[in-house]
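Chains F and S, in that order, are what the protein sequence lines are. Numbered by our numbering, the letters in the first sequence go through residues 267 to 649 in order. Numbered by our numbering, the letters in the second sequence go through residues 267 to 649 in order.
Simulated from the structure, these hints should not be mistaken for lab results. Among the hints, erroneous ones may be present.
Identical chains share a label here; the pair holds if one copy fits it or two copies do between them.
Claimed, not checked - Simulated pairs of lysine to any residue, SDA-like, Cα-Cα distance not exceeding 25 Å: (1) Lys288 / Val400; (2) Lys288 / Gly648; (3) Lys288 / Ala389; (4) Lys284 / Thr628; (5) Lys288 / Gly403; (6) Lys284 / Gln569; (7) Lys288 / Ala303; (8) Lys288 / Pro401; (9) Lys288 / Glu397; (10) Lys284 / Gly341; (11) Lys288 / Arg572; (12) Lys621 / Glu322; (13) Lys621 / Arg584; (14) Lys288 / Arg422; (15) Lys288 / Arg511.
Number of protein chains: 2
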Amino acid sequence: MSIRPVSVVGIGQLEVEKASAKSLRDLGAAAARRAMADAGVDRADALFAGNMLSDELQGQKQIAALIADQAGLYGIEALEVRAATATGAAALRMAYFAVASGEADLAVAVGAEKMSEGIATPALTKALDAEEEVPAGATLIGQNAALMRLYGQRHRVRGDAFANFAVNAHRNARQNPYALYRHKRVTARDVHSSRPVHPPLRLMDCAPICDGAAAVVLAPREEARAYTDRPVHILASSVATDRFRLQDRRDPLCLEAAALSAQAAFRRANVNRNDVSLFEAHDAFSIMACLLLEAVGFARPGQGWRLAEENAIGLRGRIPISTMGGLKARGHPIGATALYQTCEIVVQLTGRAGKNQVRNATVGLLQSVGGAASTVITHVFGA
Amino acid sequence: MSIRPVSVVGIGQLEVEKASAKSLRDLGAAAARRAMADAGVDRADALFAGNMLSDELQGQKQIAALIADQAGLYGIEALEVRAATATGAAALRMAYFAVASGEADLAVAVGAEKMSEGIATPALTKALDAEEEVPAGATLIGQNAALMRLYGQRHRVRGDAFANFAVNAHRNARQNPYALYRHKRVTARDVHSSRPVHPPLRLMDCAPICDGAAAVVLAPREEARAYTDRPVHILASSVATDRFRLQDRRDPLCLEAAALSAQAAFRRANVNRNDVSLFEAHDAFSIMACLLLEAVGFARPGQGWRLAEENAIGLRGRIPISTMGGLKARGHPIGATALYQTCEIVVQLTGRAGKNQVRNATVGLLQSVGGAASTVITHVFGA
Chain F
267 MSIRPVSVVG IGQLEVEKAS AKSLRDLGAA AARRAMADAG VDRADALFAG
317 NMLSDELQGQ KQIAALIADQ AGLYGIEALE VRAATATGAA ALRMAYFAVA
367 SGEADLAVAV GAEKMSEGIA TPALTKALDA EEEVPAGATL IGQNAALMRL
417 YGQRHRVRGD AFANFAVNAH RNARQNPYAL YRHKRVTARD VHSSRPVHPP
467 LRLMDCAPIC DGAAAVVLAP REEARAYTDR PVHILASSVA TDRFRLQDRR
517 DPLCLEAAAL SAQAAFRRAN VNRNDVSLFE AHDAFSIMAC LLLEAVGFAR
567 PGQGWRLAEE NAIGLRGRIP ISTMGGLKAR GHPIGATALY QTCEIVVQLT
617 GRAGKNQVRN ATVGLLQSVG GAASTVITHV FGA
Chain S
267 MSIRPVSVVG IGQLEVEKAS AKSLRDLGAA AARRAMADAG VDRADALFAG
317 NMLSDELQGQ KQIAALIADQ AGLYGIEALE VRAATATGAA ALRMAYFAVA
367 SGEADLAVAV GAEKMSEGIA TPALTKALDA EEEVPAGATL IGQNAALMRL
417 YGQRHRVRGD AFANFAVNAH RNARQNPYAL YRHKRVTARD VHSSRPVHPP
467 LRLMDCAPIC DGAAAVVLAP REEARAYTDR PVHILASSVA TDRFRLQDRR
517 DPLCLEAAAL SAQAAFRRAN VNRNDVSLFE AHDAFSIMAC LLLEAVGFAR
567 PGQGWRLAEE NAIGLRGRIP ISTMGGLKAR GHPIGATALY QTCEIVVQLT
617 GRAGKNQVRN ATVGLLQSVG GAASTVITHV FGA
């Protein structure tokens with residue numbers, strides 16, 4: 267539990283695109299400025315940037331200082347932080363640290379990723395163990411396919427049973443102006459007939475490669491109303507790791523880092539999972555959404571897929587997920603993803619989600635997954 | 267000023283080597299375990315890892331979770347943090363955040379770099395602007411050479427005037443069992459006759475490429491004596507950025523980020539530069555050590571080289587620097603460097619530096635430079 271409570275006082279999102287005309291630095295700077303404008307400020311004490319792939323795709327390091335310069339924030343503290351595919355949430359946690367510790371009174375967490383420049387897959391694969399997994403042919407999609415296959419065998423579930431994860435995400439994306447697939451209609455039949463990219467994973471089980479940037483501004487809770495009439499509070503922030511390699515885990519279908527970080531976050535936030543109004547899960551793959559629902563305790567092991575099939579994950583369901591499109595349909599520009607999710611939770615908890623509004627939304631849960639859940643970062647937000 | 271004061275309660279260093287037999291993950295895990303053993307603990311709440319080059323040289327991301335697993339720290343929070351060549355100090359700052367905010371009661375900051383695998387230079391160059399500097403042929407060493415040339419022209423100083431930066435570093439390294447060049451004697455003549463690698467920079471103006479790892483354990487100051495009889499306190503931690511590109515700066519010889527972060531750190535620590543007993547500066551290049559001495563205010567602009575020439579930087583001088591060998595002679599395994607420096611400051615402030623002991627050492631200053639000082643991170647330590 268942090269000593270000084272922290273609130274979100276500004277949000278900024280850019281449209282997710284297959285290939286943005288903006289450079290990576292411009293994406294990051296634009297999102298940061300947009301979030302700062304929303305908070306009504308033109309300075310901040312610190313900026314923390316999340317980006318996973320710029321070393322390879324842009325040949326660029328020190329991206330936080332570059333984004334700060336591009337945003338006109340001369341002199342500001344700027345650092346980058348990473349946790350593979352959970353990188354955006356790591357940036358959020360660092361900004362949270364900065365405000366909670368009293369080191370900053372106003373901190374920007376910004377995520378930016380431009381995956382359209384070059385080939386993302388080899389760089390993504392570096393999230394896995396380069397000595398023991400990658401030489402054996404492992405990839406992120408391959409590991410998720412292996413998890414889905416194992417799940418299907420153990421629980422006697424066909425891949426088609428996961429279809430509503432994608433259908434729900436695409437349905438919700440249609441009202442999100444920042445979503446990559448805001449103009450696309452997707453039915454269960456579309457999912458069933460989509461290309462098997464890595465069986466049993468079909469194309470529609472997988473989040474797309476894309477470009478985007480999003481940001482939030484954090485301030486001490488006691489000062490939040492100086493910036494906004496509708497602050498949303500970070501009730502808890504927690505990170506846990508699992509055994510790094512899938513084969514070292516007792517049960518690969520049991521995402522221990524997700525369970526541990528959720529338990530710690532609920533304890534610190536003093537809420538329980540039944541208090542959660544909506545869950546922005548890391549649905550990079552439908553099997554991952556399913557396993558997270560089980561790890562957090564919304565379903566018993568082997569039952570997560572039923573929440574999709576029964577549409578308990580819908581906007582009026584017991585545990586709405588991907589309420590603005592999720593990674594699947596809003597898009598998954600990696601370093602930016604958790605910042606998009608944070609913005610979406612803020613939109614929901616402040617009653618601004620329009621047709622996608624979850625009723626009586628008071629507590630939002632966010633989970634971000636690094637690699638094959640070697641690292642999981644959980645945040646709990648409250649109105 | 268952080269809300270909850272933080273202390274260093276354990277340190278761990280491995281020998282810096284040209285090419286370590288250990289893998290990157292083993293280097294990091296060994297340093298973390300060594301620091302934890304020094305603090306008398308076998309668990310911690312969180313681990314923050316500093317590494318700059320593993321994406322390219324080891325094909326590995328998510329290095330913090332990997333090091334945590336390798337160190338046997340199942341379940342622990344683990345994140346990586348970066349600021350190009352200042353990366354180690356960024357990891358230290360994040361661990362400081364974690365404890366200062368109350369999110370962790372025991373946090374490990376570990377830095378590890380294995381530069382002997384592959385070619386480091388192209389990856390190092392990514393610290394510069396990939397759009398506007400690198401296409402014009404800029405490299406880190408090229409920018410430091412340009413700064414040295416400009417300095418020489420403006421202040422009418424020959425390159426040879428910097429020789430004692432290297433001589434002092436090498437002299438001090440001979441009593442440091444972890445230093446790369448602990449068996450090497452270097453005279454001013456050796457410096458003057460060393461190969462001009464990028465004129466006016468000679469080989470002996472530059473820190474070496476090498477492998478290494480170091481770590482510290484942080485705890486709340488009020489609990490520090492539960493772990494050690496001789497805690498060293500982090501009096502301040504501060505980060506500032508400059509205009510990213512050298513050509514955008516009003517005066518490239520004036521390292522604004524170094525000046526800004528030092529001023530902020532001194533203010534928060536409630537000390538002034540005359541209180542500083544020793545300065546572990548970022549002497550990756552002799553010109554950088556010189557410019558940092560000026561930016562912090564130990565010398566007027568154009569006079570920093572005189573501190574070297576007059577040996578005011580020696581162990582008995584007015585402002586001792588590189589007291590255990592510095593980046594030049596202990597070595598500069600990038601992500602680990604600021605953690606080595608932190609360990610060395612702890613050794614000095616606890617009176618364990620043997621023949622290298624700075625008398626009455628009570629305040630230690632640490633500065634880490636990202637790129638050509640686009641980011642500078644300052645820490646102030648007190649006994």
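Hint numbers not upheld by this structure, sorted from lowest to highest: Hint check: 2, 4, 6, 10, 11, 12, 14 fail, others pass.
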